[in-house]
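Number of protein chains: 2
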Amino acid sequence: MTARLKGNMLIAQSGGPSMVINRSLVGAILEAKAQKSSIGKIYGALHGVQGIMQGKLVDLGRESVRTLRAVAGTPSAALGSVRKKPKPEECVTILQMMKNYDIRFFFYIGGNDSAETASIIDEEARKSNYELCCYHIPKTIDNDLRENDHTPGYGSAAKFVACAMLGLDADNRSLPGVHISVIMGRHAGFLTAASALARQNEGDGPHLLYFPERPFDMEAFINDVESVYKKLGRCMVAVSEGIIDKDGTPIATKFTKEVDAHGNVQLSGTGALGDLLAAQIREKTGISRVRADTFGYLQRSFPGVVSEVDAMEAEKVARIAVRTAVKKYGSASIAIKREKGKKYRVVYESVPLSAVAKETRHMPDEFIAPSANDITPAFLDYIKPLVGKLPVMGRLKGIRV
Amino acid sequence: MTARLKGNMLIAQSGGPSMVINRSLVGAILEAKAQKSSIGKIYGALHGVQGIMQGKLVDLGRESVRTLRAVAGTPSAALGSVRKKPKPEECVTILQMMKNYDIRFFFYIGGNDSAETASIIDEEARKSNYELCCYHIPKTIDNDLRENDHTPGYGSAAKFVACAMLGLDADNRSLPGVHISVIMGRHAGFLTAASALARQNEGDGPHLLYFPERPFDMEAFINDVESVYKKLGRCMVAVSEGIIDKDGTPIATKFTKEVDAHGNVQLSGTGALGDLLAAQIREKTGISRVRADTFGYLQRSFPGVVSEVDAMEAEKVARIAVRTAVKKYGSASIAIKREKGKKYRVVYESVPLSAVAKETRHMPDEFIAPSANDITPAFLDYIKPLVGKLPVMGRLKGIRV
Numbered sequence: 000m001t002a003r004l005k006g007n008m009l010i011a012q013s014g015g016p017s018m019v020i021n022r023s024l025v026g027a028i029l030e031a032k033a034q035k036s037s038i039g040k041i042y043g044a045l046h047g048v049q050g051i052m053q054g055k056l057v058d059l060g061r062e063s064v065r066t067l068r069a070v071a072g073t074p075s076a077a078l079g080s081v082r083k084k085p086k087p088e089e090c091v092t093i094l095q096m097m098k099n100y101d102i103r104f105f106f107y108i109g110g111n112d113s114a115e116t117a118s119i120i121d122e123e124a125r126k127s128n129y130e131l132c133c134y135h136i137p138k139t140i141d142n143d144l145r146e147n148d149h150t151p152g153y154g155s156a157a158k159f160v161a162c163a164m165l166g167l168d169a170d171n172r173s174l175p176g177v178h179i180s181v182i183m184g185r186h187a188g189f190l191t192a193a194s195a196l197a198r199q200n201e202g203d204g205p206h207l208l209y210f211p212e213r214p215f216d217m218e219a220f221i222n223d224v225e226s227v228y229k230k231l232g233r234c235m236v237a238v239s240e241g242i243i244d245k246d247g248t249p250i251a252t253k254f255t256k257e258v259d260a261h262g263n264v265q266l267s268g269t270g271a272l273g274d275l276l277a278a279q280i281r282e283k284t285g286i287s288r289v290r291a292d293t294f295g296y297l298q299r300s301f302p303g304v305v306s307e308v309d310a311m312e313a314e315k316v317a318r319i320a321v322r323t324a325v326k327k328y329g330s331a332s333i334a335i336k337r338e339k340g341k342k343y344r345v346v347y348e349s350v351p352l353s354a355v356a357k358e359t360r361h362m363p364d365e366f367i368a369p370s371a372n373d374i375t376p377a378f379l380d381y382i383k384p385l386v387g388k389l390p391v392m393g394r395l396k397g398i399r400v
Numbered sequence: 000m001t002a003r004l005k006g007n008m009l010i011a012q013s014g015g016p017s018m019v020i021n022r023s024l025v026g027a028i029l030e031a032k033a034q035k036s037s038i039g040k041i042y043g044a045l046h047g048v049q050g051i052m053q054g055k056l057v058d059l060g061r062e063s064v065r066t067l068r069a070v071a072g073t074p075s076a077a078l079g080s081v082r083k084k085p086k087p088e089e090c091v092t093i094l095q096m097m098k099n100y101d102i103r104f105f106f107y108i109g110g111n112d113s114a115e116t117a118s119i120i121d122e123e124a125r126k127s128n129y130e131l132c133c134y135h136i137p138k139t140i141d142n143d144l145r146e147n148d149h150t151p152g153y154g155s156a157a158k159f160v161a162c163a164m165l166g167l168d169a170d171n172r173s174l175p176g177v178h179i180s181v182i183m184g185r186h187a188g189f190l191t192a193a194s195a196l197a198r199q200n201e202g203d204g205p206h207l208l209y210f211p212e213r214p215f216d217m218e219a220f221i222n223d224v225e226s227v228y229k230k231l232g233r234c235m236v237a238v239s240e241g242i243i244d245k246d247g248t249p250i251a252t253k254f255t256k257e258v259d260a261h262g263n264v265q266l267s268g269t270g271a272l273g274d275l276l277a278a279q280i281r282e283k284t285g286i287s288r289v290r291a292d293t294f295g296y297l298q299r300s301f302p303g304v305v306s307e308v309d310a311m312e313a314e315k316v317a318r319i320a321v322r323t324a325v326k327k328y329g330s331a332s333i334a335i336k337r338e339k340g341k342k343y344r345v346v347y348e349s350v351p352l353s354a355v356a357k358e359t360r361h362m363p364d365e366f367i368a369p370s371a372n373d374i375t376p377a378f379l380d381y382i383k384p385l386v387g388k389l390p391v392m393g394r395l396k397g398i399r400v
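Respectively, the protein sequence lines represent chains F and B.
With numbering that gives the first Met the number 0 applied, the first sequence corresponds to residues 0 to 400, in that order.
With numbering that gives the first Met the number 0 applied, the second sequence corresponds to residues 0 to 400, in that order.
Keep in mind that the hints were calculated from the coordinates and are not lab data.
Since the model is a prediction, treat every value here as computed from it, not as a measurement.
Among the hints, erroneous ones may be present.
As the list makes no split between identical chains, a pair holds if one copy fits it or if it spans any two.
[Stated by the list, open to error] In the DSS-like style, the derived pairs of lysine-lysine whose C-alpha atoms are separated by at most 30 Å in a straight line are:
#1 126 with 339
#2 396 with 341
#3 5 with 40
#4 315 with 396
#5 5 with 383
#6 283 with 327
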């Protein structure tokens with residue numbers, strides 16, 4: 000490649016929205032505006048690859064900085080999102096659209112499924128000898144992208160989960176019983192683990208945590224809860240929506256059958272798992288006050304609950320993707336790596352699309368206690384800088400008369 | 000009554016906690032400290048009447064102002080709460096405890112059930128000729144206390160509901176489908192109605208709202224959703240947990256049987272109603288992406304989501320209860336009344352305990368649209384000052400190429 004690659008840019012969002020996916024979008028747009036010698040028009044596709052195929056493009060270069068800044072602070076995917084892996088014939092359409100609009104820089108913000116899609120489009124472009132830089136910008140509240148220390152969206156969702164648990168734990172202290180929080184995380188327990196940030200004082204919940212990384216045994220679960228309840232008179236449980244039994248079958252799939260284009264089963268948007276677990280506790284232990292809350296889509300969309308570090312990194316990683324594309328061409332995903340040392344610092348590295356596509360990563364063993372129902376101090380060291388400050392809960396001294 | 004009534008004070012919290020019930024507690028304590036000529040010791044009972052019977056009292060006069068201020072900003076009931084109506088023999092025990100500790104001023108923070116309890120204790124004291132001032136301090140996120148324009152706890156819970164709907168609506172715009180939010184409110188639709196504050200722009204949800212005040216008809220509901228979905232390609236529904244069918248049977252009670260001491264069925268802490276409605280939509284309309292989120296206990300406990308007006312009034316009403324008790328003796332509930340006029344202003348009035356006890360109030364007809372599935376502009380005028388400012392959602396202009 001000798002001549003400078005010049006052309007238009009297309010950006011799109013994919014997968015589940017987050018609190019900061021728009022911050023990445025806006026970061027990429029603002030950076031692209033600064034790269035006038037390489038990037039001409041800045042297009043956005045509505046609802047990811049679906050919008051590309053249907054030619055539903057918007058001119059993002061015509062959005063005011065004021066609008067962009069407001070969008071950057073707004074949850075959800077401002078361009079619209081999609082859960083779709085393009086089929087071979089659809090890739091032909093997508094590539095044709097790229098050619099029609101002279102698009103040379105394509106940015107896809109999303110998780111592992113989105114990296115896979117970017118990789119498929121990249122391959123298609125190579126096959127037809129069309130020079131197209133395909134960059135994946137990481138995003139997933141599940142924090143399950145390979146190659147990354149953590150991913151944009153996780154810190155803010157983790158903050159929501161921690162805040163929610165702080166409040167629920169205090170609530171449960173007021174009216175004691177068993178409370179089960181069902182938290183997002185299809186294959187990885189990172190978000191559920193984040194609830195442990197709510198432990199500010201002795202006896203604070205969550206008292207038990209269950210992750211998809213360890214087989215879930217109903218009998219052991221009931222015994223765990225009974226034992227905590229006997230000791231404290233109450234028990235706060237945090238459980239991943241994606242918990243699996245010893246055969247690897249998600250507990251929640253026994254109650255739902257909906258599957259998306261990537262073959263994923265619906266785990267969110269239903270209270271079935273929480274209700275099932277609550278019913279088991281009620282039935283087997285005789286404890287009467289058993290409640291379940293499924294945090295659902297609030298975890299990724301509640302306005303105002305944002306981790307500053309997360310938001311900053313979401314913008315940075317997108318800017319770096321644009322900068323890398325115009326300088327180095329090619330195709331890649333930008334991964335966030337943490338530097339060793341006491342102070343929290345990250346670097347952004349280009350990695351092959353294939354390295355983050357398809358498979359997800361799990362919580363490392365060192366973050367899960369040997370009991371399998373708790374986190375380790377190493378996890379707290381890991382997560383604290385990602386979430387930042389949390390509300391401090393006041394408590395009466397309660398000097399008995 | 001000629002001589003000034005002097006004695007100790009006892010305060011307790013009852014019913015579901017809220018974001019500002021501790022603000023009321025702390026307001027009462029601080030006011031009591033300023034009333035030294037009447038009030039000696041300031042006792043708190045743990046878990047309401049339960050703690051009084053068991054003699055589980057704490058000395059609130061020994062809490063530092065710093066601790067009290069921290070507690071005031073913390074969700075949950077700091078003294079612990081209870082759902083319990085004392086039986087006649089228990090009232091004897093309660094009164095004996097009052098005598099033992101020379102308690103002459105009793106304050107009970109809670110909803111209509113708590114007002115009833117205060118009224119029962121008041122009656123018992125009269126019967127035995129023990130001079131005891133029983134004051135009820137209003138609290139309920141359901142906003143269903145009679146005599147009150149609104150109640151402490153409602154504004155903050157309404158803010159949570161509005162914020163949640165803002166985020167969920169944006170999320171649903173990203174990945175369109177039908178979304179059902181199940182919102183607290185056993186007999187009154189006030190909290191569900193608050194979700195309408197999320198309508199900032201044309202097309203914003205919630206598009207359909209269902210309240211316990213109007214009979215819920217499954218067929219009409221499905222038709223409503225289908226019609227909105229056809230028009231917008233998506234549909235946001237807000238529904239009260241307490242919706243009833245035409246025979247007056249709560250839809251949710253068909254799926255649960257747990258009942259508390261006041262005869263209330265468990266509606267919260269389960270996703271059953273949302274899942275039932277989602278399944279019906281899926282089955283009858285063929286729409287594939289249908290999700291339900293039950294806001295659950297987050298509505299009353301999520302740290303940081305507080306209406307300033309609500310918090311201020313929660314403290315004020317408690318201070319006025321203490322001031323009224325030491326000046327006027329007797330027993331009463333302090334009600335919040337709104338003054339007529341353009342500017343939002345409230346006054347605090349003493350009303351008989353019996354006037355707020357037992358029965359709850361419903362949303363007035365003028366707040367519910369004739370269609371029965373929406374609110375009216377009059378409701379928005381009513382609620383806006385109670386909730387205060389909400390986050391403003393950014394949106395791309397989206398100029399099509």
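* **Earlier hints that do not hold, by number** => Per hint list: 1, 2, 5 and 6 violated.
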